[in-house]
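J.: Protein chains in written order, with the working numbering: chain A, 136 to 476; chain B, 55 to 478.
A few of these clues could be false.
What follows is a list of derived Cβ distance ranges for each label pair [as the list claims (entries may be wrong)]:
# : chain 1 : residue 1 : chain 2 : residue 2 : range
1 : A       : 411       : B       : 83        : 53 to 63 angstroms
2 : B       : 437       : A       : 284       : 15 to 25 angstroms
3 : A       : 441       : B       : 395       : 56 to 66 angstroms
4 : B       : 415       : A       : 279       : 38 to 48 angstroms
5 : B       : 399       : A       : 433       : 57 to 67 angstroms
6 : B       : 319       : A       : 427       : 38 to 48 angstroms
7 : B       : 286       : A       : 282       : 55 to 65 angstroms
8 : A       : 433       : B       : 447       : 38 to 48 angstroms
9 : A       : 388       : B       : 389       : 55 to 65 angstroms
Taking lysine-lysine pairs in the DSSO-like style, the calculated list, with each CA pair at most 30 angstroms apart, reads [unchecked claim]:
#  : chain 1 : residue 1 : chain 2 : residue 2
10 : A       : 247       : B       : 326
11 : A       : 247       : B       : 470
12 : B       : 387       : B       : 249
13 : B       : 398       : B       : 249
14 : B       : 256       : B       : 387
15 : B       : 398       : B       : 470
Chain B residues, not near chain A, derived (Cβ > 12 angstroms throughout) [said to hold, decoys possible]:
#  : residue
16 : 124
17 : 132
18 : 134
19 : 150
20 : 300
21 : 316
22 : 324
23 : 339
24 : 356
25 : 373
26 : 420
None of these hints come from the bench; they were simulated from the model.
All C-beta atoms in this analysis are idealised placements derived from N, C-alpha and C, irrespective of residue type, glycine included.
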Amino acid sequence: MDYAKLWFVFWAVLWTGYFALDGFDLGVGFSGWLAAADEQERGFVFSSIGPFWDGNEVWLVTAGGATFAAFPPVYSGLFSWLYPALLLILFSLILRGAALEFRGKVQSASWKGAWEFSAAFSSLSATLLFGVLFGNLFRGLEIGPAGYSGTFAGLLNSYALLTGLLFAVFFFFHGQLWLSFKTPDPVAGRARRLAGGAWYALVVLAVVFIAASYASTGLTGNFMVRKSLLVLPAGVAVSLVLAKILLARGAPGRAFIASFTGIVFFILTGFAGLYPDLLPSRVNPAFGLNVYNSASSPYTLKLMAVVVAIFLPVVICYQAWVYRLFRAPLTAEELRQSGIY
Amino acid sequence: MTAMFHFIFVPLTLGLGWLVAWFETRYACSGDARYLAMARFWGKLFLINFALGVVTGLTLEFQLGMNWAEYSKYVGDIFGAPLAIEAMAAFFLESTFIGVWMFGWGRMSKKAHAAAMWVVAFATNMSALWILLANGWMQRPVGYILRNGRAEMTDFTALLLNPYGWIEFFHTVFSGWVIAGFFVMGVCAWHLLRKNQEDLFKRSFSAGAVFALASSLLVAGVGDISGVNVAKNQPAKFAAMESVWETQAPAPYTLLTFPSLRGDGNAVEALKVPYALSLMAFHSPTAEVRGLNSFAPQDRPPVLPVFLSFRTMVALGMLFILLSGAAVWLSCKDLLGRYPLFLKIMLFAIPLPYLAIQLGWIVTEMGRQPWLVYGLMRTAEGVSNTVTPAQVWLSLGGFTVLYTALGIIDVWLLAKYARKGMEA
C-alpha cells in the first residue's frame, strides 16, 4: 500500500472537514449581524455557534499537525514562504477567538459592540485569506530551482482574490443557513432571505471560478484524464441546487446539510485537481512539492495512518453527538440561563 | 514568545478542571446546591482562562513552520507525530467538550454534565503529555536515524516511553496543579478577608489547600528525579543549573554561589556541604559531577540565567510546600478567620507558582542551548531562511501587542468574576 498517496487523501479530508465545519461559524461570524436587529438577537446569533466553533477550529490544528507529521517540507514551506499571509490569518484567528469568548462577559452595549465588530472583521479577513491561500495553491507558487521567490503582493493576484471572494460568499450562504434553523424568528426569517439572495451570487461566482480555473491553472487536467473524478464537481452542483430547493420548501436544516456537502465536494474537487502536488510550482512542475518528494518516511506515515484510523472516527462520532445534542433551536430562556457563557 | 504566553494561561487550566469536575460531581451525586454554586463559579474562571489557552495553542502549531522552517523540515518525520496525535487525541476532545459544558446546562443530565468536565480535565492533561513528549524528544532525541538528510523515526515506542518526556510531563502537570491550588486559595482568601459567603469559600479553600499540598509534594518528588535525569543526559545543563565549573568526585553542594559576570567561573563560592551535589545528581555520595570547564565554551548554555532561575524555582517550590501545609492545617482546624495575615499572604501568593513555572521553562529551554535538539541540531541551524529579520520582528511585535492586550483583558475579566463571588 502506498502510504504517501493515502496521506494525500487524509490531508484533503482534514482540510475539507475544517472548511465544511468552520465555514458556517466563520460565515455567522462575519455576516450574522445582518440577520439580527438588536442586542438580544445578536445574542442568539453568537450563542448559536458558541458550542461548536472551538471544536471546529481544531480541524485546522489537526490539518496543520498532520501536514507537519506527514509532509514536513510542505509544512515548513507553506508556512515560511507564505509568512505574511499566514501571519495575518493567525492574527485574525486569535482576535476572533478572543472576540467570541469575551463578547458575553460584560453586560454593556459598547463592550459587546466592540467585540461584535472584531468578530465580524476577523472572521471575514480569515475567510478571505484562506481563499487567497488556496487560490494560490490551485494556481501554483513561484517555486524555482533556488526555492521560493514569490512576494506577498504576488499572492494577491486576481485568481486568488476570486477564490477568496468565492470562499466568503460560500461561507456567507452556509452561515445564514445555519442561522435559519438554529435561531428563533425573526432572526431565522431574515437569515433565510439573506441565504436565498446569496445563492445567486454564489452560483455566478462558482461558474466564473470554474472558467478561471480552466484558463489559468493546471487544476482541470486531472479531470480530463480521469473522467470519474468529475463526480466531485457534479456533487457541488447537485448540492447547491438541492440547497436552494430545500430552502424554498421551508426546510432550512436540510438545506444546511446540502450546503455542507456542497463545501465538502468543492474542497475535494480542489484537492483532486492538485494531486499529486501539495504545493505546485508555476515555474516548472518539477520544482513543486508533491507526494513523492515531500512525504515522511514510510514508518511514520504508516504509524500516523493507524493513529488517524483510530482517532478520526471517534472524533467524528462525538462531534456528531454534540451537534445532535444541540440540534434544537435556541430559545430566549436558554439564552438567559447560559448567562455569561 | 507565544510559547511563554501560552504557558501563562494553560497551567491553571491543567489543575482547575479537576477541581471544577470534583465540585460538580459532588453536586450531581448529593444534589447539594452549594457545590453547584462552586462548580459554576470556578468553572467560569476556568473558561475565561481556557479561551486564551486555546487561541494561543492554535497559533503555536503554525509558528513552528513559520519561524523554524529548517527545523521542521529536518525533524518533522519524528517531531510532527506527537503534535498531530495531540491535536487528534486531546485537543479535539477538550475543545468539543468544553462547548458541551458551557452550553449544555439545560440539555443533559447532571451526571452527564459533570462527566463533560472530567473529559475536559483529562484531555487538557493529555494534551500536555503529547506536547511534552515532543519537547522531551528535543531534550533527549531517541528512536530516530539520520537518513535522506533528515531525522527519520524508526521507533515510536522509544519516543513514547522517553523517560525525559514523562518526567517533564509530570513535573509540568503537577506544577500546573499547584498553580490551580494557589489560585483557588488566593481567590478564597480575598473573599474570606471580606467575610463574603464564608461557607462556600471555606469549602473551596480546603479543597484548594489539599490539592496544592499534594501537588507541591509531587512536584518536588518529580523534581528530584528530574535532576538526576538531567545530570545523566544533559551534564552541561546540570552544571549550569548549579554553576559548577570544576569536575569533582565526590562533589560538594555549594550553598552560596554566584557566577561571575564574565561567564568563566564563580565570583562567590562559600558554605560547601560535602557529598551533597553527588547525592543530588546521581543519588550516590561519591559520583563524579562534570563541571562547565569540561565543555568547550561554544557548547555551554548561558550560566547566569539558568543558575538563577533554577535556584529561585527550587526556593519557591519549598515555600509552596510550607504555605500549602499551613493552609491545610489551618483549614482543617477551621482557624482561617483568626489569621487574616495568612489569608493576605495567600492572596499575594497567587503569582508565585506562575513565576516558578516560567523559571522552570527558562531552565529547561535555555539550559539546552546552544542545542535546539540536544546533540543533534544547533538552534541557529533551525530557523527559517526565507524569512527576513524584518518579518520576524514585525510578527514578534504584532504578537506581543496583541497578546499583551488580550492578556490584560483576560486578567481583568478574571479579577472581575473572581470578585463577584458565587451565585447564591
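J.: Any Cβ of chain A at or closer than 12 angstroms to residue 373 of chain B, or is the non-interface label fine?
T.: Nearest chain A Cβ is 33 angstroms from residue 373 of chain B, so the label holds.
J.: Indicate whether the distance between the beta carbons of residue 388 of chain A and residue 389 of chain B respects the range 55 to 65 angstroms.
T.: Since the Cβ atoms of residue 388 of chain A and residue 389 of chain B sit about 59 angstroms apart, the hinted range of 55 to 65 angstroms holds.
J.: Decide if the proposed pair is consistent with the structure: residue 247 of chain A and residue 326 of chain B, CA atoms, cutoff 30 angstroms inclusive.
T.: 61 angstroms, violated
J.: At the C-beta level, are residue 319 of chain B and residue 427 of chain A separated by a distance inside 38 to 48 angstroms?
T.: Violated: the Cβ-Cβ distance is about 55 angstroms, outside 38 to 48 angstroms.
J.: Is the claim that residue 316 of chain B lies outside the interface with chain A correct, judged by CB distances over 12 angstroms?
T.: Non-interface label stands for residue 316 of chain B: nearest chain A Cβ at 38 angstroms, farther than 12 angstroms.
J.: Holds or violated: is the Cβ of residue 339 of chain B farther than 12 angstroms from all Cβ atoms of chain A?
T.: 44 angstroms, holds
J.: Is it true that residue 415 of chain B and residue 279 of chain A lie within 38 to 48 angstroms of each other by Cβ?
T.: 40 angstroms, holds
J.: Closest CB-CB distance from residue 150 of chain B to chain A, is it above 12 angstroms?
T.: Answer for residue 150 of chain B: violated, closest chain A Cβ roughly 4 angstroms.
J.: Falls inside 38 to 48 angstroms, the C-beta gap from residue 433 of chain A to residue 447 of chain B?
T.: Once the Cβ atoms are compared, 40 angstroms apart, the range 38 to 48 angstroms for residue 447 of chain B and residue 433 of chain A holds.
J.: Against the range 57 to 67 angstroms, how does the distance between the Cβ atoms of residue 399 of chain B and residue 433 of chain A compare: consistent or not?
T.: About 58 angstroms separates the Cβ atoms of residue 399 of chain B and residue 433 of chain A, which means 57 to 67 angstroms holds.
J.: In terms of Cβ atoms, is chain A entirely out of 12 angstroms range of residue 356 of chain B?
T.: 27 angstroms, holds
J.: For the pair supplied as a hint, residue 398 of chain B and residue 249 of chain B, confirm whether the alpha-carbon distance does not exceed 30 angstroms.
T.: At roughly 13 angstroms apart (the allowed maximum being 30 angstroms), residue 249 of chain B and residue 398 of chain B satisfy the hint.
Consistency note: the structure conflicts with the earlier hints numbered 6, 7, 10, 16, 17, 18 and 19.
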